[in-house]
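Below, each chain spelled out in residue letters.
Number of protein chains: 2
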Amino acid sequence: MVTRKEDFSKWYLQTIQQADLMDYAPVRGCIIFKPDGFEIWEHIQEEFNRRFKEEGIRNAYFPMLIPESFFNKEKDHIEGFSPELPWVTEAAGEKLEERLALRPTSETMIGDAMSRWVQSYRDLPMEINQWANVFRWEKRTLPFLRTSEFLWQEGHTAHATAEEAVKRTMRSLQIYKEVVEDLLAIPVFSGEKTPSERFAGAERTYSIEAMMQDGKAVQAGTSHFMGTKFAEAFDIRYLNPDNEHVYAYTTSFGASTRLIGAMIMTHGDDQGLVLPPRVAATQVVLIPVGPWQKNPAIMEKITEIYNELKGLDIRATIDDSENSPGYKFNEWELRGVPFRIEVGPRDLKNEQVMVKARDLDDKVAVPFAEITDYIQNEMQVMQSRLLERARKMNQAQIYTDIETLDDLQAHIEAKQAAGENPGWVLAGWDGTEESEAKIKELTGFTTRNIPFEGTVEAKTTCIVTGKPATATVWLARAY
Amino acid sequence: MVTRKEDFSKWYLQTIQQADLMDYAPVRGCIIFKPDGFEIWEHIQEEFNRRFKEEGIRNAYFPMLIPESFFNKEKDHIEGFSPELPWVTEAAGEKLEERLALRPTSETMIGDAMSRWVQSYRDLPMEINQWANVFRWEKRTLPFLRTSEFLWQEGHTAHATAEEAVKRTMRSLQIYKEVVEDLLAIPVFSGEKTPSERFAGAERTYSIEAMMQDGKAVQAGTSHFMGTKFAEAFDIRYLNPDNEHVYAYTTSFGASTRLIGAMIMTHGDDQGLVLPPRVAATQVVLIPVGPWQKNPAIMEKITEIYNELKGLDIRATIDDSENSPGYKFNEWELRGVPFRIEVGPRDLKNEQVMVKARDLDDKVAVPFAEITDYIQNEMQVMQSRLLERARKMNQAQIYTDIETLDDLQAHIEAKQAAGENPGWVLAGWDGTEESEAKIKELTGFTTRNIPFEGTVEAKTTCIVTGKPATATVWLARAY
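The listed protein sequences derive, respectively, from chains A and B. Start counting the first sequence at 659; every next residue gets the next number (my numbering). Start counting the second sequence at 659; every next residue gets the next number (my numbering).
For reference, chain A alone in the conformation it holds in the complex (with noise of 0.2 Å):
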């Protein structure tokens, strides 16, 4: 195994092939999801139907293909979207009248439908979300983060006013914040993107930014506000109260399985994958140590405390492989498991039984009494210990000093010479496109967003021109 120090990006793909959770597919950047794999996704998807759910927003679900027409309806969202997308050309033996595109997102078919559905200010606020496969032919593909087909949730909604949209828009991210902060343990930058990096037909966007532990961004989650602009171009238009029609204001907000991957590259190690608790499919492996085949008390003693933590509805199995012990620690850990729990003769004497927690390097020992206990709220502990670790990670990447191109030209030089990570910079920027430009051409960094007021200290000047600073703003390298 290559180390994370060695090769960040290799040590990535080895640590996911080898942890099985993803496999490569035929066709150009998709990837399969194996069951390990796909189940992240699943525990992600429960968490975000029950918050969703909870604050009525409800699942429904929209065609797959979208008429070229749709698309041509946003200026701004064909020319964000479509030099990507996959086109139906045929089907059923012949040419089809108007090519059809594989989804990017869904904000044109839903638009139409809601033009349909939204007619009176009683419609209001419609709520609603999809869980969809959606596809984005990029030329650079990385398995989870970066993928040509992907799994996310899209939500859409509509309000009567443009306060009730932002205050839904907003929500939305702090959703986004909780969930993945209190599932993944993945801490997140809440924040505002630049005009440039706004999604295609949108007013504002929102996002939750992630740092990897190689310094490295990943955009964890977006939330846009759309104005009436989507309204305009589908006449989503209803009749208020005064008996007006009016447009209606949307937004959308979107996740997807590229959180698995920034999960992985926030807690992995060099043992292989670290899996918060919460979303792993194994939470503890109970393996048999020493002569166990000769002394059935062994696998007496485990079966019973795996049949204690089932009971519990924790997710627990049964190493009986003939496989040696050690090959069996390394096996477990390589995917991830949070618990190993090892009982062998002499536990069995002592009454005790072996605990070793993915993210700590001694083994515990703990009374049998205790186990089930000991297991139930270790899981919350070490849930909460990687999410304090990973900000303490971010923290010693995070650099808050730095107030010209050159110094940041030299920062990563001397990173760089060092063997270590640029990490985060948080920059004043005088709010045009000509600097975000400058900054990315020649450092490679790209704005990751604009904190929101008083979580950091302002920057006063531009980083590039030296002129005052409309908005502090995190830059970055990003995936």
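Note that these hints are calculated values from the structure, not bench results. A hint or two may mislead.
Intra- or inter-copy, both count: the list cannot distinguish identical chains.
With a cut-off of at most 30 Å between alpha-carbon atoms, the simulated DSS-like pairs for lysine-lysine come out as follows [to be verified]:
1. Lys968 with Lys711
2. Lys825 with Lys968
3. Lys986 with Lys711
4. Lys986 with Lys1125
5. Lys753 with Lys733
6. Lys1021 with Lys753
7. Lys1050 with Lys1021
8. Lys1117 with Lys733
9. Lys797 with Lys753
10. Lys731 with Lys753
11. Lys663 with Lys797
12. Lys668 with Lys986
13. Lys952 with Lys1021
Keep in mind the model is a prediction, meaning the values are calculated, not measured.
The hints should help you fit chain B onto chain A, whose structure is shown.
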């Protein structure tokens, strides 16, 4: 509203739209699953996931786009599916070197993956399920029952022996029968498909078939034993304990969103939808009656009951809109909500509520103290009652004493003249495709399946040729 008797097809299309289950989409043969329709599917998914996971079948996700060359590997498979495939021929502004089909089913993609994943007998059985959108560009479409894009689960398994694969095939069919009967209250007829009706590439295909109120059949789930045909086409071989490289035996099984259509056509009545409680998005609606706006105690009582029901995880809602009670009663009956609870001034005085079950004519007075127990219990009673009622409807539409094609034609004519439907006919069959073709040509009836031995009395002569029957088959018109 048109009645079922007047025009069953029209009744169906009216019902699903008025009950807000679906909308038409601007793409040929595709529909939008609106929240109330999609939630039925979510309950079906939950139940299948629970059942599959219980026996070790895990979810995964495979790419939707299938290279043309994959289809050509199994000749029966391509012959069966090629007339219905939509093709992606361009992406990101360029013509693709090889056309990519939108999956109609995933045997080929998963067969290719299994050829890499199945190496040793220790890897078997390999049992995987996928929830996915699939595409079949068919000529006639009908919402839920036959759409160009639909949603389904497809199970795919590989086994060391033919016996194990057959066992899985039959077990999957049994799960289908149990879920469809227990959850959707649709009684089904299990059996084997005739060779001409087999899945393209299967050695044996089994189905559960359901009878609609108009006497037509819906194939509600199929389970296929592939033998080694796909293993040979995709080279799924493993090293057995004797160190020989041998082919695995594979199976597949699928059930789709057509189950929603089958459920509606089984239970609906002239007032609209009738939903079995277990899959209803709303199980109980609470409606204040009388001058409730002036009497806050009514809404207080309703809120109290609502909270109690919610506490029991019963999906309840309060309709406190300004519409009249009569309007609300109609509306919620149309939507098929299993129970309506009314509370008015007189009820308060009598310390009771009035309860109306969707499928019964009379209201029942239930004391305040008993209402939650009553609803909990009656939900199960209704679930069984709907299944039982459908069974009786089926029995009344089954004809087992038709021995010749002339008699079948006469039977159909007589029923037509009486404004009734010809139902299902149990017939002897000589096992030839010619006889099947003749039945279809002259009557429009097709073979549904061959019931398992012992489930019906065996026929001795073929309904077409009078020759000795090799099997007894269900004949019916089908969706």
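Of all the hints numbered above, which does this structure not satisfy? Sort the numbers upward. 4, 6, 8
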